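**Student:** Quick mapping for you: the protein sequence lines, in order, are chains A and B.
Sequential numbering of the first sequence, starting at 1, is according to the numbering used here.
Sequential numbering of the second sequence, starting at 1, is according to the numbering used here.
Derived from the structure by calculation, the hints contain no laboratory data.
The structure presented is a predicted model; accordingly, all values stated were derived computationally and were not measured.
Just so it is clear, CB atoms sit at the ideal spot from N, CA and C, and this is done for glycine as well.
Certain hints may be false.
Using C-beta positions, here's what the derived DEER-type ranges look like [unchecked claim]:
(1) B/Gln9 <-> A/Val52: 38 to 44 Å
(2) B/Ala82 <-> A/Pro39: 19 to 25 Å
(3) A/Met27 <-> B/Gly59: 21 to 27 Å
(4) B/Gly59 <-> A/Asn84: 20 to 26 Å
(5) A/Thr5 <-> B/Asp7: 30 to 36 Å
(6) B/Gln107 <-> A/Lys18: 37 to 43 Å
(7) B/Ser12 <-> A/Asp59: 27 to 33 Å
(8) B/Ser28 <-> A/Thr114: 41 to 47 Å
(9) B/Gly59 <-> A/Tyr10: 29 to 35 Å
(10) B/Ser28 <-> A/Thr20: 36 to 42 Å
(11) B/Gly16 <-> A/Thr22: 38 to 44 Å
Next come the chains, spelled out residue by residue.
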Amino acid sequence: EAQVTQNPRYLITVTGKKLTVTCSQNMNHEYMSWYRQDPGLGLRQIYYSMNVEVTDKGDVPEGYKVSRKEKRNFPLILESPSPNQTSLYFCASSPRTSGDYEQYFGPGTRLTVT
Amino acid sequence: SQQGEEDPQALSIQEGENATMNCSYKTSINNLQWYRQNSGRGLVHLILIRSNEREKHSGRLRVTLDTSKKSSSLLITASRAADTASYFCATPTGRRALTFGSGTRLQVQP
């Protein structure tokens with residue numbers, strides 16, 4: 001089954017404790033992206049990747065890191081999480097970088113930083 | 001900044017009624033997409049309409065696009081309780097692929 005998976009689905013952590021949210025897709029998609037969703041603010045893009053070893057900042061990259069060492073995986077790293085990073089996070093993938101293609105979303109990771 | 005903005009922000013209707021939501025965008029586009037999100041879950045692609053199309057149908061969904069007014073509408077006919085969700089329009093923004101609006105929350109009362 002074609003899908004985007006994220007782990008963990010729920011995470012409660014404390015300020016400053018490094019964490020990684022994994023994202024994997026099995027569709028051989030070139031493009032992958034991370035979004036955060038906050039009430040009243042919609043989806044905001046954090047980072048995106050057009051292919052292996054090619055990543056770039058989105059609208060809200062501060063406090064986040066990403067890597068794309070393999071085509072299928074695109075982990076999101078929070079080196080020192082803070083309470084303002086409490087949010088619902090989504091990973092998405094698309095066949096190509098072009099906006100002509102639909103994006104496939106993961107189920108989301110709800111992160112709480114205390 | 002948001003490229004697409006949906007209107008209304010929230011909509012409540014009775015089952016069987018039609019639901020219409022609108023999206024306005026700022027720059028020229030070659031397509032516009034609509035997505036649905038059930039509460040707390042990932043977005044699901046509904047339909048893509050290209051800039052040379054004025055109307056597109058998919059089941060109970062009808063999407064229109066007016067490039068002169070930089071607006072699109074999504075009509076859900078004969079709504080069902082299962083249509084309760086948030087609906088987002090999304091437009092291409094170059095390297096970032098898509099930018100999403102803030103969404104319309106649709107509540108369909110049984």
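**Student:** Tell me the numbers of any earlier hints that the structure contravenes, in ascending order.
**Tutor:** Checked against the structure, the only hint that fails is number 4, while the rest are satisfied.
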